[in-house]
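S.K.: Using the sequences plus the hints, can you model the full thing?
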Amino acid sequence: MSELNISNTVAGNGTSLKITIAGKLTIENAAELQTNLLGNCNKMENIQLDISAVDEIDLAGMQLICSACRTNLDAKRQFNFTGCISEAVKSAISAVGLQRQITCKHNADLPCLWCGGIN
Amino acid sequence: MSTPQEQMIATYREEATELLSELETSLLELEENPQDNDLINRVFRAMHTIKGSGAMFGFDDIAHFTHEVETVFDQVRNGKMQVTRCLLDLTLQARDQITSMLEASAGGPPADEANGQRIISGLQELQPQVAPIKTIPTEISTADKRNEVDKRSYRIRFKPIPEIMMGGTNPVSLLNELRELGSCEVVAHLDAVPALELLVPEHCFFYWDIVLSTTRGIEAIKDVFIFVEDDCELNISLIDDGSAPDDNLDYKKLGDILVERGDLSPVEMHKIVSMQKRFGEILVEQGIVPASKVQSALAEQQQIRQIRQERTTTPAAEAALSIRVPAERLDHLVNLVGELVTVQAHLTQIAGNRNDNEIIAVAEEVERLISELRDTTLNMRMLPIGSTFSKFKRLVRDLSAELGKEIDLETSGAETELDKTVIEKLNDPLVHLIRNSIDHGIEMPDIRKAAGKPSKGIVHLGAEHSGDSVLVTIRDDGAGLDKERIRAKAIERGLITNNTELGDKETFNLIFSPGFSTAQKVTSVSGRGVGMDVVKKAIEALRGTIDISSEQGTGSVITLKIPLTLAIIETLLVRIDHNFFVLPLSMVEECIELTRADIQAAHGRHLAHVRGELTPYINLRDEFEITANQPDIEQVVILAVGGKRIGFVVDDVVGEHQTVIKTLGRLYRDVRGISGATILGDGTVALILDPGLLVQSVALTEQEQFG
Numbered sequence: 001m002s003e004l005n006i007s008n009t010v011a012g013n014g015t016s017l018k019i020t021i022a023g024k025l026t027i028e029n030a031a032e033l034q035t036n037l038l039g040n041c042n043k044m045e046n047i048q049l050d051i052s053a054v055d056e057i058d059l060a061g062m063q064l065i066c067s068a069c070r071t072n073l074d075a076k077r078q079f080n081f082t083g084c085i086s087e088a089v090k091s092a093i094s095a096v097g098l099q100r101q102i103t104c105k106h107n108a109d110l111p112c113l114w115c116g117g118i119n
Numbered sequence: 001m002s003t004p005q006e007q008m009i010a011t012y013r014e015e016a017t018e019l020l021s022e023l024e025t026s027l028l029e030l031e032e033n034p035q036d037n038d039l040i041n042r043v044f045r046a047m048h049t050i051k052g053s054g055a056m057f058g059f060d061d062i063a064h065f066t067h068e069v070e071t072v073f074d075q076v077r078n079g080k081m082q083v084t085r086c087l088l089d090l091t092l093q094a095r096d097q098i099t100s101m102l103e104a105s106a107g108g109p110p111a112d113e114a115n116g117q118r119i120i121s122g123l124q125e126l127q128p129q130v131a132p133i134k135t136i137p138t139e140i141s142t143a144d145k146r147n148e149v150d151k152r153s154y155r156i157r158f159k160p161i162p163e164i165m166m167g168g169t170n171p172v173s174l175l176n177e178l179r180e181l182g183s184c185e186v187v188a189h190l191d192a193v194p195a196l197e198l199l200v201p202e203h204c205f206f207y208w209d210i211v212l213s214t215t216r217g218i219e220a221i222k223d224v225f226i227f228v229e230d231d232c233e234l235n236i237s238l239i240d241d242g243s244a245p246d247d248n249l250d251y252k253k254l255g256d257i258l259v260e261r262g263d264l265s266p267v268e269m270h271k272i273v274s275m276q277k278r279f280g281e282i283l284v285e286q287g288i289v290p291a292s293k294v295q296s297a298l299a300e301q302q303q304i305r306q307i308r309q310e311r312t313t314t315p316a317a318e319a320a321l322s323i324r325v326p327a328e329r330l331d332h333l334v335n336l337v338g339e340l341v342t343v344q345a346h347l348t349q350i351a352g353n354r355n356d357n358e359i360i361a362v363a364e365e366v367e368r369l370i371s372e373l374r375d376t377t378l379n380m381r382m383l384p385i386g387s388t389f390s391k392f393k394r395l396v397r398d399l400s401a402e403l404g405k406e407i408d409l410e411t412s413g414a415e416t417e418l419d420k421t422v423i424e425k426l427n428d429p430l431v432h433l434i435r436n437s438i439d440h441g442i443e444m445p446d447i448r449k450a451a452g453k454p455s456k457g458i459v460h461l462g463a464e465h466s467g468d469s470v471l472v473t474i475r476d477d478g479a480g481l482d483k484e485r486i487r488a489k490a491i492e493r494g495l496i497t498n499n500t501e502l503g504d505k506e507t508f509n510l511i512f513s514p515g516f517s518t519a520q521k522v523t524s525v526s527g528r529g530v531g532m533d534v535v536k537k538a539i540e541a542l543r544g545t546i547d548i549s550s551e552q553g554t555g556s557v558i559t560l561k562i563p564l565t566l567a568i569i570e571t572l573l574v575r576i577d578h579n580f581f582v583l584p585l586s587m588v589e590e591c592i593e594l595t596r597a598d599i600q601a602a603h604g605r606h607l608a609h610v611r612g613e614l615t616p617y618i619n620l621r622d623e624f625e626i627t628a629n630q631p632d633i634e635q636v637v638i639l640a641v642g643g644k645r646i647g648f649v650v651d652d653v654v655g656e657h658q659t660v661i662k663t664l665g666r667l668y669r670d671v672r673g674i675s676g677a678t679i680l681g682d683g684t685v686a687l688i689l690d691p692g693l694l695v696q697s698v699a700l701t702e703q704e705q706f707g
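Those protein sequence lines, which keep their order, are chains A and B. Those letters in the first sequence? Residues 1 to 119, by the working numbering. Those letters in the second sequence? Residues 1 to 707, by the working numbering.
Calculated directly from the structure, the hints in this document are not laboratory data. Hints may be right or wrong, so weigh each one.
Quick look at which bits of chain B chain A covers, simulated, 3 or more residues with Cβ under 8 Å [unchecked claim]: (1) 171 to 184; (2) 197 to 209; (3) 291 to 299.
Quick caveat: nothing in here was measured; it's all calculated off a predicted structure. From the three backbone atoms N, C-alpha and C, an ideal C-beta is built for every residue, glycine too.
M.R.: Here is the structure:
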């Protein structure tokens, strides 16, 4: 898979959104995901992001997910990760030096991508 | 006295010789496991050390030559080249070339330069499309040496401008380049990542703190960032220069690191410190410093601590707990201990005669100490036999290639220790025996296949302890000895008559007869025996025994039994009239009495009844023609000789004796049955008997008498 696939599933009376991304999340298509996130998250209370099918991620991709995470958390929406992270993504995260033991100040207690929070 | 410079050169030669033999072993092992990275590294390290110290002591030719070989192995180490048979052949040749260069420098014949050139160009041809890199080895080696000592740590803050990725630069690849320089701790900071609606996906909002411990200089780090110099904020500072005193293992406190980095003001730090909680946690709780910053500082602390720890522990491990002593000094020490043992025997004897309790107590104390001293001294000369084994691997490899046979050498018990002199003297006989096994024992691959054996033959060389001896076995799965052929040869040469009945052992022993070998070799049949008499003599000179067992079609086993040491042995002292003799204590099984009545009961045959079993004996009085003062009751010392129990009749058994072996003078050297002499406490000489040879010579005389 070399393209980015985004699929949105709305549940719980239109307050929960599950976003599943698959394929390649890189600088070339990060803008596409950004538009999607900006357009769909505002009306939700609970957002779940499943990146288990992402097999390639670069700095721009990570940056985008991080930004989405803290933006939604700051707006008092639940932002969660589900699914297992692929090995390729895990090693990309450690190559950038993003593994963490503690979550950032935007995130009180929820799983964090950098803590390996989704399993 | 030699100058320090000369001494250092001598040390270098010794070390290089050791390294070269290690190199050979590693190369041969590598042939079996070509993928083994450990082995490849070992080869590389050996080369590197030979080169480096060679250049240091002025062996420029060796350094230069080794450098070329090392360059090739560097490629192998980096996975750019495969280990091939051809490569190993050339490297082994290169190793021999270095050996001859080393010998040339010690006054030996000059090394063949053309040969060296041939090896180098051969190696370079093997290299994958890389032009030979010309470097001056001297500079490299000294530079390497210096850098190995100095491992410096740098703190790097790398903050690229947001547009950096638009220019095609991937910051991650820069990080990876840094990782190649040394051990590296990377922490990315997220605090500049903006809210989603403000985020420009193509911009980079991360920045990094990196702590790098490297042997390379600051220039190497700057080189990594050379193309992004104008597109980033870069701050490199030395935080550990490798020369910090060893007791200062702890690195700076977390707060100090943050203040130093400018992430925290000193005022804030003191405020927090006064709160007496874990500093990092409080900082995050209070929201003064973001968690990522704390984490990054912690990583730095961790890394430097680890580096410092490594630095303090390695020198201790490196200072090996051994020293080098010239062999002749050790020999001298052993001789002195030998004299001391003799003097101590004298002292014990005098003390016994005086019947003075005080002197007896002192004599016993001296005896105890000297026996301990003797054991320790002899132990110092012990070396593992494995060093010889590795030489044979090479022998088998070269010889089997020459003969077109496929042979593996297996070894076991390489750690078995033997006296240094014994190992040296064992070398030639072993070479001979292994050659024999390869040449005559193992068959050609097609013959082996036809006989239903694997085409690859196996020669097994093993060593193990057995009492005060070491058993060295050479086993092959070849054709085995042809008994009929040996017998026919022996009859032809008049060694035995047509109707002589011989057991397997006796038949095999025929091949040790002098002159037997040459005839066998001329007919070029599979029988062993190329100079086997020489082998036997050499083993006997070591007071050892040699034993053959063989089965036609399945192979032969040759067992050498070698005493652990040559200098001092435990013996049983016996007396006949006024003459003293000693017998090796390890062979003694028991002592019984022999009365005139016993002799009469046996009707003049030399047989004694021992618990219902007939034991043959040799009367040493008759053998040495001593006629005076025959006592009524004699003693039979029963020894195990070649797996049989044989008695030796003497007048009296005196007791155990520590025997310092003295060689006999030239006139007496070839007396059969006497292997040496020793000096007793009171100065009398006692002859050391060789039971095996005595039995043989008695058997021979009887054969002559009775046909």
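S.K.: Determine for every hint whether it applies to the structure shown.
M.R.: Hint check:
Here's how the stretch 171 to 184 of chain B fares: 4 of its residues keep a CB closer than 8 Å to some CB of chain A, so the rule of at least three is met and the hint holds. Closer than 8 Å: that is the beta-carbon criterion, and the stretch 197 to 209 of chain B has 8 residues meeting it against chain A, so the requirement of 3 holds. Restraint check on the stretch 291 to 299 of chain B versus chain A: 3 residues with Cβ-Cβ distances below 8 Å, three needed, restraint holds.
In summary, the structure agrees with every hint in the numbered list given earlier.
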